[in-house]
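Enquirer: Sequence:
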Amino acid sequence: MKNFLPILACLAVLVGCGNNPQKQEDMKELQEVVGRKNFGPNHALMTVPQPCVMIATWDKDHNPDVMMAAWAGQYDAKQIVISLSKHKTTDNLELTGAFTVSFADERTVAESDYFGLVSGKQVPDKVARAGFTITPSPNVDAPIINEYPLTLECKVLSFKDGALIGEVVNMSADESILTDGKVDFAKLKPIVFDAAGVCYRAVGDVVGGAWDAGKVFTK
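If you count the sequence shown from 1, position 118 lands on 118 in the numbering used here, and the numbers rise without skipping.
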């Protein structure tokens with residue numbers, strides 16, 4: 001699984017397809033798929049869905065900071081990977097070696113988008129400005145944002161060439177999003193980033209059972 005990094009398309013980077021010289025050069029060499037519109041490799045939409053993950057860290061003054069990222073995915077059974085350019089968050093990671101990851105949901109669209117719009121370097125109290133509260137993680141040196149009901153507590157395993165790999169040491173969930181002791185996405189109501197439409201979308205209805213729907217072809 002480690003040979004495949006499911007790094008999803010980033011909220012912060014939208015590469016234009018119009019008069020981009022690199023785009024035009026790539027299209028010259030591209031063998032187009034007949035019957036479809038061909039975009040080449042330079043575009044925002046790479047892998048869907050793109051989760052809106054909220055990365056929380058402490059800064060040097062022990063202020064909580066949160067940023068939204070969408071290039072994120074599971075790296076191994078207990079590890080996640082997030083692609084990050086230079087941010088206050090990356091400075092914080094170097095200081096603490098820890099972070100938490102939560103998931104934006106329908107109830108927190110405005111606050112989550114705000115955390116992606118504003119840098120903690122310019123607005124160090126942006127968590128409080130959004131009306132959010134924190135609890136220090138008991139397992140890693142990072143804050144838990146109380147208003148996000150599902151949180152992963154993570155230790156930094158490596159951060160090289162923009163790829164942050166973290167070990168999940170604990171997952172905690174508010175009782176409000178559980179059904180029979182399991183996380184219920186219908187109650188969590190997470191959102192995903194639509195890079196093509198430049199918007200957020202709600203996760204949809206159940207359309208089939210995993211390791212079950214395909215059994216119709218095994219009979």
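Careful, some of the hints might be misleading.
To be verified - The list that follows gives simulated cross-link-like pairs (lysine to any residue, SDA-like), each with its CA atoms no further than 25 Å apart:
id, residue 1, residue 2
1, K160, D212
2, K182, K121
3, K160, K37
4, K189, Y200
5, K182, W211
6, K88, I177
7, K155, A173
8, K86, R107
9, K78, V216
10, K78, P138
11, K189, S158
12, K215, A196
13, K155, P136
14, K78, K215
15, K189, I177
16, K160, V207
17, K86, K187
18, K121, V109
19, K215, F185
20, K155, T96
21, K182, A196
22, K78, A163
23, K60, K86
24, K219, V203
25, K88, S158
26, K37, W211
27, K160, A196
28, K189, A210
29, K78, N170
30, K60, I177
31, K189, A77
32, K160, M68
33, K60, D174
34, K187, A163
35, K189, M171
36, K182, N146
37, K60, K88
38, K189, K121
39, K187, S158
40, K78, K219
Simulated from the structure, these hints should not be mistaken for lab results.
No experiment lies behind these values; they were computed from the predicted model shown.
Enquirer: Each hint: holds or not?
Expert: Hint check results:
This hinted pair does not check out: K160 and D212 have alpha carbons roughly 39 Å apart, beyond 25 Å. With a C-alpha separation of about 37 Å, the suggested pair K182 and K121 falls outside the 25 Å cut-off, and the hint is violated. This hinted pair does not check out: K160 and K37 have alpha carbons roughly 35 Å apart, beyond 25 Å. The hinted pair formed by K189 and Y200 meets the criterion: a straight-line CA distance of about 12 Å does not exceed 25 Å.
Proposed proximity of K182 and W211 is supported: the alpha carbons are some 18 Å apart, at most 25 Å. For the suggested pair K88 and I177, the alpha carbons sit about 31 Å apart, so the restraint of at most 25 Å is broken. As the CA atoms of K155 and A173 are separated by approximately 18 Å, the hinted pair is consistent with the 25 Å bound. Taking the CA atoms of K86 and R107, the gap is about 29 Å. The hint is violated against a cut of 25 Å.
Distance restraint check for K78 and V216: the Cα-Cα separation of roughly 32 Å exceeds the 25 Å cut-off, and the hinted pair is therefore not satisfied. Restraint check: the Cα-Cα separation between K78 and P138 comes to about 18 Å, which is no more than 25 Å; the hinted pair holds. Straight-line distance between C-alpha atoms of K189 and S158 comes to about 31 Å, which puts the hinted pair past the 25 Å bound. This hinted pair does not check out: K215 and A196 have alpha carbons roughly 33 Å apart, beyond 25 Å.
For the suggested pair K155 and P136, the alpha carbons sit about 14 Å apart, so the restraint of at most 25 Å is met. Between K78 and K215 the alpha-carbon distance is near 29 Å, which puts this suggested pair outside the 25 Å criterion. Our distance criterion of 25 Å between C-alpha atoms is met by K189 and I177, whose separation comes to about 9 Å. Proposed proximity of K160 and V207 is contradicted: the alpha carbons are some 38 Å apart, above 25 Å.
Restraint check for K86 and K187: not satisfied, since their Cα atoms lie roughly 34 Å apart, outside the 25 Å limit. Simply put, K121 and V109 have alpha-carbon atoms about 22 Å apart, close enough for the 25 Å limit, and the pair holds. For the proposed pair K215 and F185, the alpha carbon gap of about 24 Å is at most 25 Å, so the pair holds. As the CA atoms of K155 and T96 are separated by approximately 9 Å, the hinted pair is consistent with the 25 Å bound.
For the suggested pair K182 and A196, the alpha carbons sit about 32 Å apart, so the restraint of at most 25 Å is broken. Taken as a hint, the K78 and A163 pair is honoured in the structure, with Cα atoms around 16 Å apart against an allowance of 25 Å. With a CA separation close to 16 Å, the supplied pair K60 and K86 stays within the 25 Å bound. Of the pairs offered as hints, the one joining K219 and V203 is violated, with about 31 Å between alpha carbons and a cut-off of 25 Å exceeded.
The straight-line distance between the Cα atoms of K88 and S158 is roughly 17 Å, inside the 25 Å bound, and the hint therefore holds. Restraint check for K37 and W211: the C-alpha separation of about 33 Å exceeds 25 Å, so the hint is violated. Among the hinted pairs, K160 with A196 is inconsistent with the structure: their alpha-carbon atoms are about 28 Å apart, more than 25 Å. With a C-alpha separation of about 19 Å, the suggested pair K189 and A210 falls inside the 25 Å cut-off, and the hint holds.
Only pairs whose Cα atoms come within 25 Å are accepted, and K78 paired with N170 is accepted, the gap being roughly 9 Å. With a CA separation close to 33 Å, the supplied pair K60 and I177 exceeds the 25 Å bound. Restraint check for K189 and A77: the C-alpha separation of about 23 Å stays at or below 25 Å, so the hint holds. For the given pair, K160 sits about 20 Å from M68 by alpha-carbon distance, which is consistent with the 25 Å threshold.
Straight-line distance between C-alpha atoms of K60 and D174 comes to about 29 Å, which puts the hinted pair past the 25 Å bound. For a cut-off of 25 Å, the pair hint linking K187 to A163 is broken: about 31 Å separates their Cα positions. The hinted pair formed by K189 and M171 meets the criterion: a straight-line CA distance of about 17 Å does not exceed 25 Å. Pair hint K182 plus N146 holds up; C-alpha atoms about 19 Å apart against a cutoff of 25 Å.
Proximity of K60 to K88 is assessed by CA-CA distance (about 10 Å); at most 25 Å being required, the pair is judged to hold. Between K189 and K121 the alpha-carbon distance is near 30 Å, which puts this suggested pair outside the 25 Å criterion. Pair hint K187 plus S158 does not hold up; C-alpha atoms about 33 Å apart against a cutoff of 25 Å. Between K78 and K219 the CA atoms are separated by roughly 35 Å; this puts the pair beyond 25 Å, and the hint is violated.
Hints 1, 2, 3, 6, 8, 9, 11, 12, 14, 16, 17, 21, 24, 26, 27, 30, 33, 34, 38, 39, 40 from the list above are not met by this structure, while the remaining hints are.
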